[in-house]
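What the sequence shown shows, in this note's numbering, is residues 3 to 1256, in sequence order.
FYI, nobody ran anything at the bench for these hints, they're computed from the structure. Since we're looking at a predicted model, the values are computed, not measured. Please note that a few of the clues may not be correct.
DEER-style ranges, computed between Cβ atoms [unchecked claim]:
1. Gly1127 - Leu55: 55 to 63 Å
2. Ile1128 - Ile421: 31 to 39 Å
3. His1200 - Val1139: 29 to 37 Å
4. Ser1242 - Gly1127: 56 to 64 Å
5. Arg884 - Lys713: 54 to 62 Å
6. Ser160 - Arg99: 20 to 28 Å
7. Lys713 - Glu321: 38 to 46 Å
8. His1200 - Arg193: 47 to 55 Å
9. Lys1167 - Ile1128: 16 to 24 Å
10. Lys528 - Val251: 48 to 56 Å
11. Asn997 - Gly215: 29 to 37 Å
Once the Cα atoms are required to be at most 25 Å apart in a straight line, the calculated BS3-like pairs of lysine-lysine come out as [claimed, not checked]:
12. Lys130 - Lys382
13. Lys252 - Lys1066
14. Lys159 - Lys127
Just so it is clear, CB atoms sit at the ideal spot from N, CA and C, and this is done for glycine as well.
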Amino acid sequence: MDHQMPFPFMHLSVRVPWHDGGWNGTVCTHPQENTSCLRLKRISEEKDDAQELAVAGKSIADLPNEQWPPCALERGMFMADFEYHRIAKHPLAEFNRQTHGHFRPTPLRYPPYSVASVPFRWMLKVSKDELESVYPLQLDENREPPLNFKNNWWQEKSNQKQLLDCFHSHLQPGSLCFLYAKQVPFVEDHRRVIIGIGRINHIGEAIEYETNGSNDFGASLWETMVQHSIRPDFTDGFIFPYQEIFARVKEQPDFDYTPMIAFAPVEKMLEFSYTSEHVSQDTAIECLITCAEALHAIKKEFEGPWDQCLQWIDERISEIWQARGPFPGLGACLTAFGIKLGNFVAQALHENLTEDQSIWDLVDQLFRDPSSLLPPALVKNVGPELQKAWQSLPPTRRSLFQLLCRFNLTIAQACLLYIPELRRKQGLATTDEQIIENPYLIYEQTRLLLEPVSFWTIDKGMLPDESIQTKYPIPEPSALQSDFDPRRIRAAAIQILEEAAESGHSLLPKSDVIAAIQNLPIPTLKHVHNDIIAIIEPGFSPEIVFVEMAVGERAYQLKRYEEIGSLVRDKIRKRTKGKRHSIHADWRQLLNDQLDKTDGHNDSDDTELDPLEEQARIEKSAILKELAESRFSVLIGPAGTGKTTLLSVLISQAQIHQGGVLLLAPTGKARVRLESVAKEAKIEAYTVAQFLGRRKRYDYQTCRFFLRHEKGEPTPETVIVDEASMLTEDMLGALLESMEGVKRLILAGDPKQLPPIGTGRPFVDIVSYLTPENNNQTFPKVGNGYGQLTIPRRQSEDKDDNDVDSKNDDTGGNLRADLRLAQWFAQEKVAPSEDELFDPGFSFNDSEHLRFIQWEREEELPEILKQVIIEELNLTDETDERQFDISLGGVIDGKYISFQTDLKENGKHSPAKGVENWQILSPVNNSIFGVTRINRFIHQTFRKQKMASAQKRFNRYFPKPMGPEKLVYGDKVINTYNHGRDYIYPKDGLRYIANGEIGLVVGQFAKNASHFNVEFASQPGYTYEFKSSDFSDEGNPLLELAYALTVHKSQGSEFGLVIFIMPKHSQLLSPELLYTALTRQKNRIVILHQGPRTEMLKYASSKYSETARRYTNLFEAPKMFNFKGIYLEDRLIHRTVRGELVRSKSEVIIADLLHMHNLNYTYEKELKIDDDVKLPDFTIEDDDSGTIYYWEHLGMLHDPAYKRRWEAKLAWYRAKGIFPIEEGGNLIITEDDARGGIDSAVIQRIIEELKDDD
């Protein structure tokens, strides 16, 4: 490498682990609670909680190397005010003695206030071509030692030194050092969190490993010590007080810490990856502005030298603007023009630039006489052809080149934007002239690509520092007319709407968009207001369209969502109003036949069905008829109502089957379950992504669904989409556009579950649109294109009268207690007797389907969870790994438990089917009760023997542990990315694994095995091969442990047993999340709840609804209600005139009449008598007279089980001296009429009588 090269000036990012003591050279104070650091591979593999607990809070200066926590080697001590040393061992010295055995342990010095820079991406051999195209490197593979294994890294010292020197030559004293973490407590976000910023004071030299002299092959340590300027007084840099912030969150769970977290720009993820990377000037400015915003929020709540830090940030921003200059993209654009090492050429030009010169004079000189400006090594890169091409460049092309140089572009971005052929290939419908006229089109046109150019990149180029604007003004027509130029404001509004779409909104009120623009960390946009927007919004077209809220307020919507919405509306309206099919079928008989096969019951005999079963079959038969005859329909119903049975009957009908059936689901897990519906009909099912990928409406790289504005392709006559609540508007729009020839489209699912991850809530909106007006007063609940299953038949079989699951009599079945509990979070009216589920007097110890276990302190949870697993899986104790493996799907093979897919003794065996036997669920990833911590705890507790066997150096019959979680043979795992995979056996498999698919590590079972074989439950009988290269330290590994999953990842799956961890507080808790969690079990759920189980009731309120918070307009303009600062869709909630949120229209009527008559009431106030707790619908109290009335409103008294439970509650009231008012007591009982409605006149009369009594 030529050290005379002019190296462009850059900044540095360094990844550090989370540390609860401030990275001050000590062991964490509470190491067992630090789960955030487990995101780093080395820490996850080596962290020993017990060992760290023994030295918690101690300085590593007082500990031998052997007692240091692994975070010390992961830059976790960067604020240590003392020098320390460790002995570094070459990682291959023991493993490959022939080539690396001569390397000796080498001392490595860490100066005070220093951090080790390790540019891992640069050291990867796969980066060679990319790096050599950008940097003056001459890497030589021939110098590398011969190895008997595949190696991804550069090993030889001269190659390593070139890379390390080149990387660090871009840094100099004064460069900023950005310290960031991949994960911190409480923050459920995949963006990088900025921990602190300082300046680089000194950069050390690369150190070589010491050797014994027996081999000439040398190697360098990759750590280069960088001393930074951050000190505890924060005079030259700072770290955020996250430890103090998170301590506050722990004490006050509702404390909003989110504005205080500084994230690195998501579009600049590469600059904050691979441990250490270069940070560009533009990214540094953006990060500093983001940090300033976070410090302003911190300043309001926490004491500290924050004004001093803000002043420091302001000074650094000014310096960086000067270092950045007006043309930060010159190097990338020179490369796009054809010059190799364009960034170094650009740096040479800047070094030759005098105060009174224009950079473009030097560029012209470069193409006339490169030797006058460039060092010899670069002159050859500007050949005669390039010189002539520049000199003959048309004015428009030259203007475009000069404009693009104002933006901090990557080389790939510069090539895409400058070369018209690449623009056309990527589908960018912009000409050179259009880009020149509106540079913000660059953001608008690239924002959905794999490597977009961000709004921030364009905005900083268009409005740089004032000194740069004055000296290098942007020429017309590109120049902005003002800070509020319509082109700029439109792009900012698009950015806001794109962020909103990711959060679930398909539109936003105009006022919200204006507020969001004002809140952008761009001072010149702080003063945007409605009057300005009114003048410039005509220029928002065509990317933004204007729509209206229900109250008439203007709202903004991205053009693509207006197109999707229009397509969805038109197709569904036409189909529901279109010609109906004529299907000749006796649906009741077909249903009976199907149930006879599955239940073993013969409906043709004289045995009379119980009343509820008869009602269930009447309901299903009516719905089958509607689904068959309608061109579009929805099938909804909670768990246990028989959607699967109904669909199997439908697609087996001869006429429907003959026309062809297509089964689709959003996830691979749901696809397999749907396919099981059609097992006899031999119909395959696909994920929506698979289906639309084949129809060119899904991009596997960006994971984006889109319209092609083309006619669809021939499709089977009947299409069924299961788990439709997971569909985004993009998915549904692309699906509807892709199909031709469909006679019958059915969306099936449960609208009470979590809304989709992405834009909209289309299934909920369609259900709301199709729900018959008098739906709550009819049975069966069937309308045009609408079928609702209401009678759960997932019943208890236990006849013990003491079991709350099964207080049966011979008049009908009884809904299981677990499913009754789920109904509390369905945001609907529940039976008055259902409060027994939260009554401490009910232990549920004898329940077959539901168990409650209380915990208080976080440190209690692991031991409680361990005991629950032992009991529920029938283990003898925590050492019973044999039974634990069997519970996962392993089978006995002599003295071992085997997970192989084909055993000679047992014939064909698919162990992955066992992954659905049981599942732990948690709302969050990152917490002591989160998925990461629980998976690690399960692994270390119940898989010790397997881990020990896998770590043997010799006579090992399993693969070595792989990935940061040390996956081993027999582990339950989840795939984290949609991706194709060719390493599959047998070869005729799908060759594709969807995100969220769960499987088992079933091999390789061989001596000293080298790779994993994983069988997924969604693809039984097929195994995919995974190698150590699939487990990167960057991003998420392809496979993760899956003993515990988040509730979101469990959606679309069912498990025999579910163990649900329920914390008292979490920002992610919602009625939809709890409802989803409480309906994942087939047989039994164990709820580990923090605090009394009545704490769960808080989250049954629509106040916490994820679904109702979304702004969508598929069929109706949004009508949002402001409930204490939270906006909720009024059509999806029930609210009283006083603004309270209740569960049903009946309760609204009662509450409003009580309010109208000035009666003081409380909704669902706890009634505690002795040790019992009940929740009357309304408690009416008169302080003056001391009179208290309790009001219970009943429905579904036609249901014997419902009636029986109410009678039990009424008996309780009587036992406690509370009698119905008809008997002279203070208990008011009202009920729905026969049609399910409420008689307001009756309610009015009762209230008037109450007032008369007073």
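Results for each hint:
Distance hint check for Gly1127 and Leu55: the Cβ-Cβ separation is about 42 Å, which falls outside the suggested range of 55 to 63 Å. About 49 Å separates the C-beta atoms of Ile1128 and Ile421, a value inconsistent with the hinted range of 31 to 39 Å. Separated by about 31 Å at the C-beta atoms, His1200 and Val1139 satisfy the suggested range of 29 to 37 Å. For the pair Ser1242 and Gly1127, the beta carbons lie near 32 Å from each other, so the given range of 56 to 64 Å is not met.
At about 59 Å, the beta-carbon gap between Arg884 and Lys713 stays in the expected band of 54 to 62 Å. For the pair Ser160 and Arg99, the supplied restraint of 20 to 28 Å holds, since their beta-carbon distance comes to about 23 Å. The hinted range of 38 to 46 Å is not satisfied by Lys713 and Glu321, whose Cβ atoms lie roughly 57 Å apart. One distance hint, 47 to 55 Å for the beta-carbon pair His1200 and Arg193, holds here, with the actual separation near 53 Å.
For Lys1167 paired with Ile1128, a C-beta distance near 22 Å keeps the hint of 16 to 24 Å intact. At roughly 29 Å, the beta carbons of Lys528 and Val251 sit outside the given window of 48 to 56 Å. Between Asn997 and Gly215 the C-beta distance comes to about 52 Å, which lies outside the given range of 29 to 37 Å. With a CA separation close to 21 Å, the supplied pair Lys130 and Lys382 stays within the 25 Å bound.
This hinted pair checks out: Lys252 and Lys1066 have alpha carbons roughly 11 Å apart, not beyond 25 Å. For the hint linking Lys159 to Lys127, the alpha-carbon distance of about 14 Å falls within 25 Å, and the restraint holds.
Of the hints listed earlier, those the structure fails to meet are numbers 1, 2, 4, 7, 10 and 11, in rising order.
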